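> The chain contents come next:
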Amino acid sequence: MEVVYSISPLLAMLASLMGAILILFAGERNRNLREFWTILASVVKFSILSSMAPLILAGKTIEYTIVNICPGVYLQFRVDAFGMIFALLASGLWIAVSIYSIGYMRDLKEHAQTRYFFCFAMAIFGAVGAALSANLLTLYMFYEILTISTFPLVAHKETPDAIKAGRKYLAYLLTGAAFVLFSIGLTYYLTGSLDFVAGGFVGGHGSRNLLRLLFITFMIGFGSKAAVMPIHEWLPSAMIAPTPVSGLLHAVAVVKAGVFCCLRVILYVFGPNLLSDLGIWLILAYFVSFTVIMANLIALTQDNLKRRLAFSTINNLSIIILGAALLSSNAIKGSMIHIPFHGFMKITLFLCAGSIYVKTHKELISEMDGIGRLMPFTMGSFTIGALGLTGIPPVCGFISKWYLCLGAIEAKQLIFLSVFLISALLDAAYFFPIVYGSFFKKPNGMNPRFNEAPLLVVVPIVVTAIFSIIFFVFPNAFLSFFKMATIATHDILGRG
Amino acid sequence: MSLHSPVLAVVIPLICAFLALLFGWWRKNLCYPITLVALSSSFLASLNTLHTVITTGTIRYHLGNWNPPWGIEYVVDHLNALVLGIISCIILVVGVYSKRSVEQELPEKIVFFYTLYLLLATGLFGIVVTGDMFNLYVFLEIASLAGYALIAIGEDGAPLASFRYVIMGTIGACFYLLGVGYLYIATGSLNMADLSQMLPELYDSRVVLVAFTFFMVGLALKMALFPLHTWLPDAYTHAPSTVSALLAPTMTKVGAYVMIRIMFTVFKPDFSISLFPITSILGWLAAAAILFGSIMALAQVDLKRMLCFVVVAEIGYIGIGVGIANRTALIGAILHIVNDVFMMACLFLAVGAIVYKIGTRNIYRFRYLHRKMPLMMALFVAGGLSVVGIPPLCGFFSKWYLILGAFKADKWIFVAVILVSSLLNAILFFRVIENVYLEPPEAGRSLEEIPTDEAPLSMLLPMFVVVAGIILLGVFSGRIIDVVIQFAIPPSI
Chain A
1 MEVVYSISPL LAMLASLMGA ILILFAGERN RNLREFWTIL ASVVKFSILS
51 SMAPLILAGK TIEYTIVNIC PGVYLQFRVD AFGMIFALLA SGLWIAVSIY
101 SIGYMRDLKE HAQTRYFFCF AMAIFGAVGA ALSANLLTLY MFYEILTIST
151 FPLVAHKETP DAIKAGRKYL AYLLTGAAFV LFSIGLTYYL TGSLDFVAGG
201 FVGGHGSRNL LRLLFITFMI GFGSKAAVMP IHEWLPSAMI APTPVSGLLH
251 AVAVVKAGVF CCLRVILYVF GPNLLSDLGI WLILAYFVSF TVIMANLIAL
301 TQDNLKRRLA FSTINNLSII ILGAALLSSN AIKGSMIHIP FHGFMKITLF
351 LCAGSIYVKT HKELISEMDG IGRLMPFTMG SFTIGALGLT GIPPVCGFIS
401 KWYLCLGAIE AKQLIFLSVF LISALLDAAY FFPIVYGSFF KKPNGMNPRF
451 NEAPLLVVVP IVVTAIFSII FFVFPNAFLS FFKMATIATH DILGRG
Chain B
1001 MSLHSPVLAV VIPLICAFLA LLFGWWRKNL CYPITLVALS SSFLASLNTL
1051 HTVITTGTIR YHLGNWNPPW GIEYVVDHLN ALVLGIISCI ILVVGVYSKR
1101 SVEQELPEKI VFFYTLYLLL ATGLFGIVVT GDMFNLYVFL EIASLAGYAL
1151 IAIGEDGAPL ASFRYVIMGT IGACFYLLGV GYLYIATGSL NMADLSQMLP
1201 ELYDSRVVLV AFTFFMVGLA LKMALFPLHT WLPDAYTHAP STVSALLAPT
1251 MTKVGAYVMI RIMFTVFKPD FSISLFPITS ILGWLAAAAI LFGSIMALAQ
1301 VDLKRMLCFV VVAEIGYIGI GVGIANRTAL IGAILHIVND VFMMACLFLA
1351 VGAIVYKIGT RNIYRFRYLH RKMPLMMALF VAGGLSVVGI PPLCGFFSKW
1401 YLILGAFKAD KWIFVAVILV SSLLNAILFF RVIENVYLEP PEAGRSLEEI
1451 PTDEAPLSML LPMFVVVAGI ILLGVFSGRI IDVVIQFAIP PSI
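Protein chains in written order, with this note's numbering: chain A, 1 to 496; chain B, 1001 to 1493.
Just so you know, the hints here were simulated from the structure itself, not pulled from any lab data.
Among these hints, one or two may not hold up.
As the list claims (entries may be wrong) - DEER-style ranges, computed between Cβ atoms:
hint	chain 1	residue 1	chain 2	residue 2	range
1	B	S1280	A	P230	36 to 46 Å
2	A	V459	B	R1365	21 to 31 Å
3	A	L108	B	S1280	54 to 64 Å
4	B	P1451	A	S47	52 to 62 Å
Here the structure is a predicted model, which is why all the values come from computation and not from measurement.
Here a beta-carbon is modelled for each residue, glycine too, at the ideal position from N, C-alpha and C.
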């Protein structure tokens, strides 16, 4: 694999870091300037990242080393196809969420907006940094930055409940991080290296049981961020945060960083060969299958829209991990493209929830009857997102689920095929009543006149919804997610 | 100039201590500039020493041209050059910071304060550079006596705390002196290099074994290693803000340095590791110190007292590294000495600024503080996160080496201790951060009404320097290890 040395990854990282600092300096007094920095940073970051995409698509990797940390470990960026998928997703959706946040925060006259935008920029900094990291230690650094910078966002409302949610968030994630640090230390002790290698690098070091232990501690650590049951509790609680934050948590940065790291460990630290040799993939697969089904069953019982969406996220995250755990080429490909596709669909749904809240201050599904008549654009987009997550064409969710199902068949694991299918059915069972209620039921007590949320709020929703459809028709449109997933899968399996 | 730089670092503050006293009689406000001049020259001399050591290797300076082992010799190798550089930097930074805080807290005693401050600096520098066991005792006493006096001029309760410290500290010093005496009886020498040549033949001698034990107990007292830490929380809590900010980062770390020096230079590493199982005892005590310190810190509502227990825990980290006693862990321990100097300085300086502005250290009264002092609080958070071990701040990297070292030594329990204590530290600091940043405003009072009331520049600037140090030490930790620390570890480990 050809390696290109370039400063672009560093520049992309600096864009959001500088953005964050400028946001801080602009402060509450110059809100327009502050918002300008947010938008500018997000656009610049996205442009730099997409400028790297052609090289990646040509099968190269881009590398930039900052400084040596300890023998054999550098603070280093290495952009590969898989990292690029996540980096493009995070930075691309940051633009949409930034625009939406401005509308949302101003409309609700939220407090501490400077802190909010600063932490948001830092969170993206962490997420993209994790995506571009060349080794586990660099990854850990950005992973921690992401964790810490999200804490003020979760506790944003500063009510006792919000502070409690923030504490819960930190308790789960920092404990997870301790597990991760343990695992990284052990990996370094065993192999003397931490660099990601497509197809894994720990094989042949240490005893089989030690490697099994290592895998488990890795999964506990990163699984806490990916909200795998039973360590998912923080995620529904964190729904108390402002809606754009929930969008960030679910679709863009935080939990996606969790699954991203899980996949990195599965595919780039251990690798398919070693995992099937150790036989531990099956345990992981059963474990996350339980989460897949259980999360959807719980989602059925939730009346709070955001909580229902939260459990839907937990379901989808575990689907992604399940796909990787199946270790077949189609399943890996499916789980990789499910990361961006789920991101686009889920952020649509969350932004819709926020839009409803901005306009009507409603959070409960039972109160949303007939709301589609007031807010046709919002609920129309919601419908698209819901269709996509259920896996119905013509929304991109179908494509990723299709590959995941193919992968299950390829791995000759029909039981996991049924897990995918049952979860899709359950998806339908909890999404469609919302859609039905909002369009076909009579609104009670509401004036069914067109009354859409502010423009800054609606436009991003419609855009992300349209993207969800475009990605079905052209999975390679704009960002070439599909092609990148193919390249990454080829790298992993080609070597193994 | 560069030839004399190790001795200049010690002598300049000593002379200036007397100058400060003399000129202070005439004009009180001359003390501060004299102190700064003295400390900056010391700092420059230390940097020069460090540079010389890095480029040309160990410096041996014979005082008064008397040849060792009869004359006193200053020996500066990579280990103490690094410690000297770091400590002189922090003493200077705290010196810059001291002005406003001392004017507010000790308006009557400015002259004495700066005289003692310079004497303390002399003592600390002397301990670090000397290559003579008895000379080290002298400097240890200079530093300690100045320290007792500085603590005693603090708030109510300080004299009593200082008295306890005097008793414990004197016992420690006595143990150390007895150790020196025993070694002198056994070998007839006080020079470290000389001793390390002669001692291996005497490793079976009871006198030497007792001497070594006395050293360890004495130094454990001086560096406040659990369970001999009892003097520290009271003394550092009641001391004036600047004094705590000076003592907490430097005093205990210098004690740790002396311990490493005696274990691995005066005595051979083989002796300390295998012949006399001090390292394994030290490791377990240190593990207990980490957990005890962190848990006790949780129970405090006084921020400064909480930090005092954090210091106890941080000493544990150094101890655990020395206790594991393989190359990686020792790198971690020495790196942690360096990092901890900066982290503790950052936190204690922040406390000083908080006391200066709002007059309380109770963390439940920190509401709105991020409005009043946005910069100071942001810097405090950086220090706190570093202690928790968030990369790229420096605290992470020493922990990383300690964890690796523990893995290599197959001491998994120490890995667990370090990770658990990181979590405890996270609780500690996020509790403070929550109280500062997230307390909802009282009803009917909007945040916009609270005016910004930032600490003065003479306090902010040192904080900026320290936090910049925390970040740079983190990012360039690999480089520091390559250039300095790897040479500071005895090659036989």
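> Taking the earlier hints as the rules, which of them does this structure contradict?
Hints 2 and 4 not satisfied by this model.
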